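**Student:** Go by the hints and put chain C onto chain V.
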Amino acid sequence: MKFLHDVWYTFLRHLRNDLREPVWMFFGMIQPLIWLLLFTQLFQNVAAVPGFPTSSYIEFFAPGLIVMLAVFGPAYAGFEVLSDIYHGVLEKTLVTPVNRYALITGSAINWALGLALRVLIVFSIAYAMGVEVVTGFGGVLLTILIVTLLGLGFFGLSNALILVTKSETPLVVTANLATMPLMFLSSVMAPSEFTPEWIRIAMKLNPVNYAVEAVRPLFLSGFDWTKILVSLTVLGIFSTLGITTATLALRKFGE
Amino acid sequence: MKTIVETFDLTKVYKKIVAVDRLNLNVKKGEIFGLLGPNGAGKTTTIRMLTTYTRPTSGSAVVGGYDIIREARKVRQIIGYSAQESGVDQNATGRENLMLFGRYHGMDTITLKARVKEILELVDLTEAAGRLVKTYSSGMRKRLEIATALIHEPEILFLDEPTLGLDVQTRVNIWNYIRELNKNGTTIILTTHYLEEADKLCDRVAIIDLGKVVALGTPKELKSKVKGDVVSLVLPLKELEKLKLNMAKAEETLEKQPFVKEIRSTNNRLNVYVNEKGERAIPEILRLLEKERVDVESITLSRPSLDDVFLMCTGRTFHNHEGETR
Chain V
1 MKFLHDVWYT
11 FLRHLRNDLR
21 EPVWMFFGMI
31 QPLIWLLLFT
41 QLFQNVAAVP
51 GFPTSSYIEF
61 FAPGLIVMLA
71 VFGPAYAGFE
81 VLSDIYHGVL
91 EKTLVTPVNR
101 YALITGSAIN
111 WALGLALRVL
121 IVFSIAYAMG
131 VEVVTGFGGV
141 LLTILIVTLL
151 GLGFFGLSNA
161 LILVTKSETP
171 LVVTANLATM
181 PLMFLSSVMA
191 PSEFTPEWIR
201 IAMKLNPVNY
211 AVEAVRPLFL
221 SGFDWTKILV
231 SLTVLGIFST
241 LGITTATLAL
251 RKFGE
Chain C
1001 MKTIVETFDL
1011 TKVYKKIVAV
1021 DRLNLNVKKG
1031 EIFGLLGPNG
1041 AGKTTTIRML
1051 TTYTRPTSGS
1061 AVVGGYDIIR
1071 EARKVRQIIG
1081 YSAQESGVDQ
1091 NATGRENLML
1101 FGRYHGMDTI
1111 TLKARVKEIL
1121 ELVDLTEAAG
1131 RLVKTYSSGM
1141 RKRLEIATAL
1151 IHEPEILFLD
1161 EPTLGLDVQT
1171 RVNIWNYIRE
1181 LNKNGTTIIL
1191 TTHYLEEADK
1201 LCDRVAIIDL
1211 GKVVALGTPK
1221 ELKSKVKGDV
1231 VSLVLPLKEL
1241 EKLKLNMAKA
1251 EETLEKQPFV
1261 KEIRSTNNRL
1271 NVYVNEKGER
1281 AIPEILRLLE
1291 KERVDVESIT
1301 LSRPSLDDVF
1311 LMCTGRTFHN
1321 HEGETR
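Here the protein sequences line up with chains V and C, keeping their order.
Heads up: the first sequence at position 228 corresponds to 228 in our numbering, and the numbers run straight through without jumps.
Heads up: the second sequence at position 272 corresponds to 1272 in our numbering, and the numbers run straight through without jumps.
For reference, chain V alone in the conformation it holds in the complex (with noise of 0.2 Å):
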């Protein structure tokens, strides 16, 4: 099938680059390390606090910070876009006859390797300094699953916002207005109980937060198939939105 066929070829294209250059793939994990060292000694003592939900404050931020994965990563994927576009391999691309949504899906798919791979490291990292996951395997996968979804969301929207701009500084502003807000208005950091009134609505319009409220019992208590499957499904949706967003920006490329 033609749409196969074409995920392929441009799935092993992007793969053969990044392979040539390992060194992009864990720059988006470089920023989450210095916090996981970093916070989990500043807030040491959050954890102290009657009601908060573990005895040590790693536990909890663990898992919140290996869903940020797929907040940091997507930038430098609108990058590699934009090397495409400046060097006019874009525009040549988009003259054969291949198929549209096989270029995002294709470049997507390797990303989403490579988010898997930063995740597991992470947790690597993270399981040597002490957490655990009381779900076992299962629960890993389980993690990988949600964040890569949450990633590809987040891909779809970097790979059209660099489509329709066509310059780098509105990816570099909106990823940096966007990181914070995306992470304060969520249960990353602290329990969604520990919050005011409206950061809980806002929590309910973002992502991100669907991504923790679903992995962090993985973490720390087990199994809540309710929260894991209304995660699959925001997320499940938020992703097709991404990369549908990222294809109709492609399509409207040349114009």
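Keep in mind the hints are simulated off the structure, nothing from the lab.
Warning: the hint list may mix true and false statements.
Here are some chain V residues the structure puts well away from chain C; computed CB gaps all over 12 Å [stated by the list, open to error]:
id: 1; residue: Gln31
id: 2; residue: Gln41
id: 3; residue: Gln44
id: 4; residue: Val49
id: 5; residue: Ser56
id: 6; residue: Tyr57
id: 7; residue: Ala116
id: 8; residue: Leu120
id: 9; residue: Leu141
id: 10; residue: Leu177
id: 11; residue: Glu193
id: 12; residue: Leu205
id: 13; residue: Asp224
id: 14; residue: Val230
id: 15; residue: Leu232
id: 16; residue: Ile237
Computed list of lysine to aspartate or glutamate pairs in EDC-like fashion (alpha-carbon distance at most 20 Å, straight line) [as the list claims (entries may be wrong)]:
id: 17; chain 1: C; residue 1: Lys1225; chain 2: C; residue 2: Asp1203
id: 18; chain 1: V; residue 1: Lys252; chain 2: C; residue 2: Asp1067
id: 19; chain 1: V; residue 1: Lys166; chain 2: C; residue 2: Glu1085
id: 20; chain 1: C; residue 1: Lys1015; chain 2: V; residue 2: Glu255
id: 21; chain 1: C; residue 1: Lys1242; chain 2: C; residue 2: Glu1252
id: 22; chain 1: C; residue 1: Lys1028; chain 2: C; residue 2: Asp1009
id: 23; chain 1: C; residue 1: Lys1028; chain 2: C; residue 2: Glu1153
id: 24; chain 1: C; residue 1: Lys1134; chain 2: V; residue 2: Asp84
id: 25; chain 1: C; residue 1: Lys1183; chain 2: C; residue 2: Asp1199
id: 26; chain 1: V; residue 1: Lys2; chain 2: C; residue 2: Glu1071
id: 27; chain 1: V; residue 1: Lys2; chain 2: C; residue 2: Asp1108
id: 28; chain 1: V; residue 1: Lys252; chain 2: C; residue 2: Glu1071
id: 29; chain 1: C; residue 1: Lys1134; chain 2: V; residue 2: Asp18
id: 30; chain 1: C; residue 1: Lys1134; chain 2: V; residue 2: Glu80
id: 31; chain 1: C; residue 1: Lys1134; chain 2: V; residue 2: Glu21
id: 32; chain 1: C; residue 1: Lys1200; chain 2: C; residue 2: Glu1031
id: 33; chain 1: C; residue 1: Lys1016; chain 2: V; residue 2: Glu255
Quick caveat, the model's predicted, so the values are computed rather than measured.
We treat Cβ as the ideally placed atom computed from N, Cα and C, and that holds for glycine.
**Tutor:** Then chain C, alone, in the frame of chain V:
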């Protein structure tokens, strides 16, 4: 000859700027067809519409029998396109670039591998095929770029400024590749703002200005439209004051003559465009200047160039638009 590309009032408006204005063109199968014009004339936009990259605002075009809007996918299967920018992945090798574009055209592994080998030989990149493109020289990159446009043996090849920014030797090489391809039956449509390129390479040329065709024909036909010749006078470069005076005097005198159409002067050179045969104008010009006591160092006679055609059609010269046009 059969028509292979035809446009019908093809128009593109960006915001409020009309880039291409009701363009009607007709390209024959097997031709090398040139779109010649200064930057901003609408050449690239025209090519981008014909290659399905950009949608026209109004009007339409048929490429290889397919409508560029309704049958865009069919058009993409039979065309090759080499854009102005490099168009190849810098972080991949030459071979990898060729393989990817072949795959996007749906070629199977055996056919593709044989074709890659063949095309690498055609553009002299066999030895460099395994190297990353970012290590290539600009000439090599351009050749690879054209090769990727050819991988699927397209019926029609679009080249947007194929020799832009290349040195003379590389340019001549590229011209030879283009001629070779054309000999094998590929129809070629190229844009250029190099007059020489249009003149030497193209079977027919459309001169485009402000999104419209201002002249169309073989280079020879176009040049014959400029009736008469160009007489170039060079004045001696001694005594600057005297030179300035003499230049002004010569211009003034010759301007009044009925056989002179136009004069352009630069430094110590006067280009005199004459109505009649240049051979006949020369004695008259010399006689007039002698009377005015203007010394002439040398005098040459030349046939009109495409630049002169552009001047005649638009009232402007190429050289007024930008520095490098030769």
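**Student:** Mind listing which of the numbered hints don't hold for this structure, in increasing order?
**Tutor:** none
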